[in-house]
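The primary structure of each chain is shown beneath.
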Amino acid sequence: MCILIIEDEVKIASYLVKGLNESGYEAQCAHSGLEGLEKLKMHAYSLVILDVMLPDIDGWTVLKVLRQFSKIPVIFLTAKDQVIDRVKGLELGADDYLAKPFSYIELLARIKSLLRRQQYVQENQLEIANLKLDLINHKVWRNKQLIELSKKEFNLLHFMLRHPNEIITRRQIASEVWHINFDTDTNFIDVAVRRLRNKIDEAHDIKLIHTVRGLGYKISAEK
Amino acid sequence: MFKSIRSLELRITLLATTCAAMVLCAVALMTYLGINQILISQQDRALVDRIERLETLLQDSRNIEQIIARPKLYQNMLGNQDNLFLLIHGDQILININPLGIPLPKFTLQPQIQFRDLSVHAYPTRIAWKTIQINRQPYLLIAGKQWSERKDIISPFQKHLFIYVVTGILAIFILCAITSRLGLNSLRTLREQTHAISIHKLEQRLNLIHPPGEIEQLASDINAMLDRIEIGYSQLNRFSEDIAHEFRTPLNNLIGQTEILLMSERSPVQYQEVMISNLEDYQRLKRMIDSMLFLARADTQKVCLNKQKIQLQLFIENIFSIFEYQAEEQHCNFVLELETTELVADPELLQQALYNLISNALIHGGNHRTIYVHSHRKTINNMSMIALSVITSGLEISPEHLSHIFERFYQCNSSRHNTHQTGGLGLSIVASIMTLHEGTYHAVNRAEGISFEVIFPEAYIEKL
Chain A
745 MCILIIEDEV
755 KIASYLVKGL
765 NESGYEAQCA
775 HSGLEGLEKL
785 KMHAYSLVIL
795 DVMLPDIDGW
805 TVLKVLRQFS
815 KIPVIFLTAK
825 DQVIDRVKGL
835 ELGADDYLAK
845 PFSYIELLAR
855 IKSLLRRQQY
865 VQENQLEIAN
875 LKLDLINHKV
885 WRNKQLIELS
895 KKEFNLLHFM
905 LRHPNEIITR
915 RQIASEVWHI
925 NFDTDTNFID
935 VAVRRLRNKI
945 DEAHDIKLIH
955 TVRGLGYKIS
965 AEK
Chain B
18 MFKSIRSLEL
28 RITLLATTCA
38 AMVLCAVALM
48 TYLGINQILI
58 SQQDRALVDR
68 IERLETLLQD
78 SRNIEQIIAR
88 PKLYQNMLGN
98 QDNLFLLIHG
108 DQILININPL
118 GIPLPKFTLQ
128 PQIQFRDLSV
138 HAYPTRIAWK
148 TIQINRQPYL
158 LIAGKQWSER
168 KDIISPFQKH
178 LFIYVVTGIL
188 AIFILCAITS
198 RLGLNSLRTL
208 REQTHAISIH
218 KLEQRLNLIH
228 PPGEIEQLAS
238 DINAMLDRIE
248 IGYSQLNRFS
258 EDIAHEFRTP
268 LNNLIGQTEI
278 LLMSERSPVQ
288 YQEVMISNLE
298 DYQRLKRMID
308 SMLFLARADT
318 QKVCLNKQKI
328 QLQLFIENIF
338 SIFEYQAEEQ
348 HCNFVLELET
358 TELVADPELL
368 QQALYNLISN
378 ALIHGGNHRT
388 IYVHSHRKTI
398 NNMSMIALSV
408 ITSGLEISPE
418 HLSHIFERFY
428 QCNSSRHNTH
438 QTGGLGLSIV
448 ASIMTLHEGT
458 YHAVNRAEGI
468 SFEVIFPEAY
478 IEKL
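Residue numbers (my numbering), protein chains in the order written: chain A, 745 to 967; chain B, 18 to 481.
One chain only, chain A, in its complex shape (with noise of 0.2 angstroms):
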């Protein structure tokens, strides 16, 4: 899988291109719309990431010329987080949509979540090692012992379960779970992680909630 990022700012490039690469993508920068276009034309990509700023032609306009012969995703990055730019991009065809300054775990989550959108199946039943959750009858087992949780704590594990082994954001459980989209202190997400935490991992020997420091939480049998 490989993703084309199309930015003039060399710094975000190159710890794009870096990020990816540790992420698991292999990735390829162009610094100008023209250059991008090209290469695009020459290779196939699984994803690209567009800047709307660029020095010869904007983003915009390349994203109009990449969709006469493509149809493939795009996620486009503004430093205006206006509405109009949001609903511009969407109308020309991007796929999401991320002002800057963005975090990259959130811009992994919806690379992910883009290129998975086309195999995702809503499964009934997900599970972790030995923890289970029912989607149908909304109930939660470990080692086969059912746990009580109230609504948003299951909202929050069946979260966390459909990405397991990824880092979550603060952020993106905000929006997920309560349904916030701004910039919140989001001290109440550690209470509600410690409280989820307390009731599915307190009484065993393996731990599935673990905190990544300064990022957020992942869901994970390995330590």
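There may be inaccurate statements among the hints.
Stated by the list, open to error - Pair by pair, the computed Cβ-Cβ distance ranges are: (1) A/Lys755 x B/Gln347: 23 to 29 angstroms; (2) A/Glu850 x B/Gln347: 40 to 46 angstroms; (3) B/Met292 x A/Ser758: 43 to 49 angstroms; (4) A/Cys746 x B/Glu356: 56 to 62 angstroms; (5) B/Glu417 x A/Ser758: 30 to 36 angstroms; (6) B/Glu417 x A/Pro908: 53 to 59 angstroms; (7) B/Met292 x A/Glu835: 38 to 44 angstroms; (8) A/His882 x B/Phe264: 45 to 51 angstroms; (9) B/Thr317 x A/Ser758: 34 to 40 angstroms; (10) B/Leu310 x A/Ser758: 49 to 55 angstroms; (11) B/Gln328 x A/Lys808: 52 to 58 angstroms; (12) B/Gln289 x A/Ser758: 17 to 23 angstroms; (13) B/Asn399 x A/Pro908: 16 to 22 angstroms.
Worth flagging that the hints you see were computed from the coordinates, not collected in a lab.
From a predicted model like this one, the values you see are computed outputs, not experimental measurements.
Quick reminder that beta carbons are idealized off the backbone N, C-alpha and C, glycines included.
Mind docking chain B on chain A? Use the hints.
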């Protein structure tokens, strides 16, 4: 030249002078015409008198014979060089006094006195004539008077009149100039005082001594505008200062910690510690920038509202669920009382406003409080509004803070130490959100506790 014509003083002077000049000229013209008319009618009466006198004289047949016999006598009697007098019977001119030899036109027989001006001649003359019957014979009587007689009176009068009018206009011009200069004096003072006000002297106000009503009004309007500018400017100033300060704190951490870290070799764990701490500060900076950007955009009305009908019950319960654990730890509880269940607003912004208000209630209220969220309809200025209040039981804010509490970075305790993440912008964001919704906001102390009220216009529902 154009600039001087645009001067109000000159314009008023010219306008007033022109008006006065027109009136003066009209009066002078009418006086002239009136006098002229009086002189003409006087002249006519003299001619009529003369004809009538001769007519009575001639009625006696003896007299007429004498006249015919001795016309010279009559000529001498009338004497005057300039006068004209003729008595004609058929083709015979019985009396012919016409020293200037004025040519006469043909006359028809007229029993009434007729008048006529003979002006083509070198000596313009006004004549009167009448046909009289003596012994059943028609006699034509013609009398004439030179215009020069009238002219001698009217032309010096005309000359004087002209001088009076010109002097009058000149006097009016000078008086107008002086009056308008005096009248507009306060305007000049106003200009000088306004000019002296600069950004460093914003506290200065216009102060005129006995100004005219209109200028007093203007000055007080300008003063009111200066009040608003001064308040806005000082808020803006304080805001920039506060921003700088708020930025300085995380930047201080970043610079200091990183410098210390780099001073000697560290273990990976230590590097990691500092990176994590740095990341927290970066996020804090980002949050502040986002908030400021939001406020700046809201100020210039650049935020698009995504208005939707919101079911308040579910909506507010979801916000309560965010604070569920925190409230539990502080032994606080939430009470929701909805008199109206629907509201049209931008859901994300409403969520943010309520989030900020409830978060404040928990942070500043401390333990063992009840936080009420109450919705009700109210009428303000004949407009139906929907009010949402967040009330924290048993908490009070002193009145001197209440009027400032929605200001940016305003903090009730003056120490700037700010452990909370809102960074002193929480309530000003609420204020901006309400302004965007064309609503209002205020904080009041009630019997139950401090109440923060946000009020949305209900008309939104109809607009949707």
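Comparing the hints with the structure gives:
Against the hinted window of 23 to 29 angstroms, the Cβ-Cβ separation of A/Lys755 and B/Gln347 comes to about 44 angstroms, which falls outside the hint. About 31 angstroms separates the C-beta atoms of A/Glu850 and B/Gln347, a value inconsistent with the hinted range of 40 to 46 angstroms. For B/Met292 paired with A/Ser758, a C-beta distance near 18 angstroms fails the hint of 43 to 49 angstroms. Between A/Cys746 and B/Glu356, the C-beta spacing of about 59 angstroms keeps the proposed range 56 to 62 angstroms intact.
A hinted range of 30 to 36 angstroms for the beta carbons of B/Glu417 and A/Ser758 is inconsistent with their spacing of about 54 angstroms. The given range of 53 to 59 angstroms is respected by B/Glu417 and A/Pro908, whose C-beta atoms sit roughly 55 angstroms from each other. Here the CB-CB span from B/Met292 to A/Glu835 is close to 39 angstroms, well matched to the stated 38 to 44 angstroms. Between A/His882 and B/Phe264 the beta carbon distance is about 46 angstroms. The supplied range of 45 to 51 angstroms therefore holds.
In this structure the supplied range 34 to 40 angstroms holds for B/Thr317 paired with A/Ser758, their Cβ-Cβ distance being about 36 angstroms. In this structure, B/Leu310 and A/Ser758 break the distance hint of 49 to 55 angstroms, their C-beta atoms being roughly 27 angstroms apart. The hint said 52 to 58 angstroms for the Cβ distance between B/Gln328 and A/Lys808, and at roughly 40 angstroms that hint is violated. Distance hint check: the CB atoms of B/Gln289 and A/Ser758 are about 22 angstroms apart, consistent with the given range 17 to 23 angstroms.
Restraint check, B/Asn399 to A/Pro908: a C-beta distance of roughly 59 angstroms breaks the suggested window 16 to 22 angstroms.
Hint compliance for this structure: hints 1, 2, 3, 5, 10, 11 and 13 are broken, all remaining hints hold.
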